[in-house]
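Residues per chain, in single letters:
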Amino acid sequence: MRQRDTRAFPSNRVTVNRTDEESPDLVARCQKGDVEAFAELYARHSARIFSLAARMAGSPETGEDLLQEIFLQAYRKIGGFKGGSAIGTWLYRMALNHCLDFVRSRQAKMDKATATIDDDERPAALAARRDSPGERIDLERAMQQLPAGCREVFVLHDVEGYEHKEIAAMLGIAEGTSKSQVFKARMKLRALLT
Amino acid sequence: MITSHPDGVTLNDYVDDGLTAAARADVRDHLASCAECQTVVDGLRGVQSAASRLPLLQPRREAWPRIERSLRASVPARRPVPWAAWLAVAASLLVAVALGFQIASRRAQPASSTADADTDATAQSIEAELRQAEEHYQKAISGLEQIKNDGKGSLDPQTAATLEKNLSVVDQAISESRAALKVQPTSEPAQASLLESFKAKISLLQDTVALINEMRQGPALTQKGS
Numbered sequence: 001m002r003q004r005d006t007r008a009f010p011s012n013r014v015t016v017n018r019t020d021e022e023s024p025d026l027v028a029r030c031q032k033g034d035v036e037a038f039a040e041l042y043a044r045h046s047a048r049i050f051s052l053a054a055r056m057a058g059s060p061e062t063g064e065d066l067l068q069e070i071f072l073q074a075y076r077k078i079g080g081f082k083g084g085s086a087i088g089t090w091l092y093r094m095a096l097n098h099c100l101d102f103v104r105s106r107q108a109k110m111d112k113a114t115a116t117i118d119d120d121e122r123p124a125a126l127a128a129r130r131d132s133p134g135e136r137i138d139l140e141r142a143m144q145q146l147p148a149g150c151r152e153v154f155v156l157h158d159v160e161g162y163e164h165k166e167i168a169a170m171l172g173i174a175e176g177t178s179k180s181q182v183f184k185a186r187m188k189l190r191a192l193l194t
Numbered sequence: 001m002i003t004s005h006p007d008g009v010t011l012n013d014y015v016d017d018g019l020t021a022a023a024r025a026d027v028r029d030h031l032a033s034c035a036e037c038q039t040v041v042d043g044l045r046g047v048q049s050a051a052s053r054l055p056l057l058q059p060r061r062e063a064w065p066r067i068e069r070s071l072r073a074s075v076p077a078r079r080p081v082p083w084a085a086w087l088a089v090a091a092s093l094l095v096a097v098a099l100g101f102q103i104a105s106r107r108a109q110p111a112s113s114t115a116d117a118d119t120d121a122t123a124q125s126i127e128a129e130l131r132q133a134e135e136h137y138q139k140a141i142s143g144l145e146q147i148k149n150d151g152k153g154s155l156d157p158q159t160a161a162t163l164e165k166n167l168s169v170v171d172q173a174i175s176e177s178r179a180a181l182k183v184q185p186t187s188e189p190a191q192a193s194l195l196e197s198f199k200a201k202i203s204l205l206q207d208t209v210a211l212i213n214e215m216r217q218g219p220a221l222t223q224k225g226s
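The listed protein sequences correspond, in order, to chains L and H. Quick note: the first sequence uses this note's numbering, first residue 1, plus one each step. Quick note: the second sequence uses this note's numbering, first residue 1, plus one each step.
Source of the hints: derived by calculation from the structure; they are not laboratory data. Idealized CB from N, CA, C, for every residue including glycine. It is possible that part of the hints are untrue.
Footprint (simulated), chain H over chain L, 3 or more residues, beta carbon under 8 Å [unchecked claim]:
(1) 44-50
(2) 55-64
(3) 83-90
(4) 94-107
(5) 177-183
Residues of chain H clear of chain L, computed beta-carbon distances all greater than 12 Å [said to hold, decoys possible]:
(6) A128
(7) K165
(8) N166
(9) V170
(10) K182
(11) T186
Footprint (simulated), chain L over chain H, 3 or more residues, beta carbon under 8 Å [unchecked claim]:
(12) 133-140
(13) 198-210
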């Protein structure tokens, strides 16, 4: 993963943060099945997890479903948390794996969405292409309009900060495919946002 | 020197600083004289920059109550009691019970007509074996207490208080037996009482651990049964 200090919230690159310094007691309570402690864990980390899930899924509603599944999974598995990393890092990894499972399962059900993107990558053609004027939308909503497959790679690379090599390994695709998907996503988003 | 337009992925790599120095220099030269490609690069940079500054999203307020309900209906998988802990308890118990049995057998043997010296030796031997048995019982008790303390949170406070009270009664019996043996080390009733008290304590601790396990699995069993 690369380090980018300009990131408003350097999600996956943070291994220990201030909230985790207060965590040992919280973790112990969570491990005893204390739901109130989980509420605290949720308050601290839900935004980070939800952001990842909603963006990967391309829908806030699905993001909330994933958020629920992730916290339920954490509740069931926290007994095995050995404290080798910060609890936030452990939770994020679990969330990322859950989101990747979701993506893989969805990909298995539908055709690769890359087919829906214009494959003409000549810069002149791309520069000339514009969507309807007056359709300026924010980046968040524009990302939801990206085809699945393209969106996940873009989120992992440009939002979460993973390298192409890492994304390729996570999604089982070639590194070149990851690069190509990010390029397509950026161009599509640029068109949507202009 | 690039004479034609670089492809999109190359421009994208240029934005991501993913090109070799030579390739990067070629693209830079091309951009200096190609407004179309420069526009593409600017657009790619704009999106990249905006994506890197996206704020965190907050789930709706209704999300937590829904999650909370699902947590309460679920069973947390807690850290299982390590096998090593159980084995240590079992090993200590085995030795303690064997020693206790040995002591009881020796005492059950009919008094012989051998000399007083032999009787003294036997008494000393029983005392030593008792001490050994006590050590092993104590070891088993410590192991069980550790397991009990780790899982104490699973019991409701009232049950936990009752169990603690019972344990303190047994502890009192152990203390009294020890005090009696201090005064009269060969006292058979005191020896028997100490061994019985240890057994009672272990039995109580085993019940406590079983209860803790039951409480942990309770909701799952209830769900399966419903």
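Structure-based check of each hint:
1. 44-50: With 4 residues closer than 8 Å to chain H, the stretch 44-50 of chain L meets the three-residue bar; holds.
2. 55-64: It holds: at least three residues are needed, and the stretch 55-64 of chain L offers 4 whose Cβ sits within less than 8 Å of chain H.
3. 83-90: violated (count 0)
4. 94-107: violated (count 0)
5. 177-183: holds (count 4)
6. A128: The claim stands: A128 of chain H keeps its Cβ more than 12 Å from every Cβ of chain L (closest is about 42 Å).
7. K165: With a cut-off of 12 Å, K165 of chain H remains clear of chain L, as the shortest Cβ separation is near 22 Å.
8. N166: 23 Å, holds
9. V170: 26 Å, holds
10. K182: Non-interface label stands for K182 of chain H: nearest chain L Cβ at 41 Å, farther than 12 Å.
11. T186: Holds, because the least Cβ-Cβ distance between T186 of chain H and chain L comes to about 48 Å, which exceeds 12 Å.
12. 133-140: violated (count 0)
13. 198-210: violated (count 0)
The structure is inconsistent with the numbered hints 3, 4, 12 and 13, although it conforms to all the rest.
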